[in-house]
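Asks: Based on the hints, put chain B in the right spot on chain A.
Going line by line, the protein sequences match chains A and B.
The numbering used here numbers the first residue of the first sequence as 317 and each following residue consecutively.
The numbering used here numbers the first residue of the second sequence as 28 and each following residue consecutively.
Source of the hints: derived by calculation from the structure; they are not laboratory data.
Note that the structure is a prediction, hence the values are computed from the model and not measured.
Even for Gly, the Cβ is constructed at its ideal location relative to N, Cα and C.
There could be a bad hint or two in this list.
What the hints assert, rightly or not - To give a feel for the contact side, a few chain B residues facing chain A, derived at Cβ under 8 Å:
1) P39
2) S40
3) P42
4) L43
5) A58
6) A64
7) A65
8) L67
9) G81
10) L86
11) R90
12) R105
13) D113
14) K121
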Amino acid sequence: MSYIDPHVHMVSRTTDDYERMALAGCVAITEPAFWAGFDRSSPQGFFDYFRCLTETEPRRAAQYGIAHHSWLCINPKEAEDPVFAREVIALIPQFLDRPNVLGIGEIGLNKNSRHELEILEAHLQLAADRNLLVLVHTPHLEDKRKGTRLIMGAIRNQGRLDPGRVLVDHVEEHTVREVLDAGFWAGMTLYPDTKCTPQRAADVFEMHGTDRLWINSAGDWGASDPLAVPKCREEMRRRGHLEEVIRKVSFDNPRTFLSQSGRFRVEVAPTR
Amino acid sequence: MVPSTPSSSATPSLPLSRESVVDRYFLEHRAKVLDVAAFLDRVDRARPASAGGGEDARLRSLRAAVAILVDGQAERARRILELLSDPSTEPIAKAPMKGARGAWEGFGGGASPGGGR
Chain A
317 MSYIDPHVHM
327 VSRTTDDYER
337 MALAGCVAIT
347 EPAFWAGFDR
357 SSPQGFFDYF
367 RCLTETEPRR
377 AAQYGIAHHS
387 WLCINPKEAE
397 DPVFAREVIA
407 LIPQFLDRPN
417 VLGIGEIGLN
427 KNSRHELEIL
437 EAHLQLAADR
447 NLLVLVHTPH
457 LEDKRKGTRL
467 IMGAIRNQGR
477 LDPGRVLVDH
487 VEEHTVREVL
497 DAGFWAGMTL
507 YPDTKCTPQR
517 AADVFEMHGT
527 DRLWINSAGD
537 WGASDPLAVP
547 KCREEMRRRG
557 HLEEVIRKVS
567 FDNPRTFLSQ
577 SGRFRVEVAP
587 TR
Chain B
28 MVPSTPSSSA
38 TPSLPLSRES
48 VVDRYFLEHR
58 AKVLDVAAFL
68 DRVDRARPAS
78 AGGGEDARLR
88 SLRAAVAILV
98 DGQAERARRI
108 LELLSDPSTE
118 PIAKAPMKGA
128 RGAWEGFGGG
138 ASPGGGR
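Okay, chain A solo, but in the shape it has when bound (with noise of 0.2 Å):
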């Protein structure tokens, strides 16, 4: 059965990390703009990611018949520097009629400061002027219920984003409720330690119902498994859930939420 990944950081792993998602049915996935492990050091380092997101890692991905996707910001945990900041939010315009390009990610907070805050109404606004979906960003651990009610009320505040064409990802147990509630699309990531676990994400559907979730990888420089997604389906069948819906969950939602973008593509039959 094929799937999508549709959050994962490629520029951070090997091409041997293609070859084995290829294997285990990926067939698309979306890269998000993130934070590198470092702070760059000019806005000129993210025009060159912003290349790497839209030249590079869609030619390597193709190699192993996967189509890939991107998302453009510049992550919260590099904007404590607002004048920095909106520096790197000014390049992002002439990427975004790239072929691959979805929308703007991912963006909102990760320390809950007021910088955080003015760079993400910065990225918001953007967002809405152009009409493009947004991949959201919540905070780890401690952080996160409070980031995330943040960052729906700062989308509520914008006024001009739609709920339904903006996904909050990392959800967990805390926050998935709130956030379904409120119209947005929700993404749990399966990581070893910080967010979600496949068993922990099954759980979830099994709470909280099918609509609107997705999973994800996240898979990235830290710890991290990009074939989280497979083992998470793998965990679902053995629980003995139904095919389909380990497949609307993998892959029938992020196909469902990304097409909006009207440049989504997967160019394999869903039945491989």
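Replies: Just chain B now, kept in the frame of chain A:
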């Protein structure tokens, strides 16, 4: 361990019987409980960082989280995550670091969050 009844697409409730869940997951979680116990023993055996310092907020949170495990109420995972969360609502002036510690620094111990959202 064959699932009792397959779940529907609309409401994919857990298809397994309680016995099957215990059979399938017990050893994994027995090991995790032992890890928590060994971690707390390790903390006790370690040399204190400084005289007179209070217990680390993360440890206070963990002890309160363990109490939730055995309180017999539902949605333990959600309630533990809430216990570990920063309860404030306003943005902070400046980010003090990039990472997170895993538990709210101001946690005082004692009462655990109730069942309401």
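Asks: For each hint, tell me whether it holds in the structure or not.
Replies: Hints versus structure:
1. P39: 5 Å, holds
2. S40: 6 Å, holds
3. P42: 4 Å, holds
4. L43: Holds, because the Cβ-Cβ distance from L43 of chain B to chain A comes to roughly 6 Å (cut-off 8 Å).
5. A58: 14 Å, violated
6. A64: 19 Å, violated
7. A65: Because about 17 Å separates A65 of chain B from the closest Cβ in chain A, which is outside the 8 Å limit, the hint is violated.
8. L67: Hint on L67 of chain B: violated, closest Cβ of chain A at ~18 Å, above 8 Å.
9. G81: Violated, about 18 Å.
10. L86: 14 Å, violated
11. R90: R90 of chain B check fails; min Cβ-Cβ to chain A is 16 Å, beyond 8 Å.
12. R105: 4 Å, holds
13. D113: 5 Å, holds
14. K121: Cβ of K121 of chain B sits 6 Å from chain A, so the hint holds.
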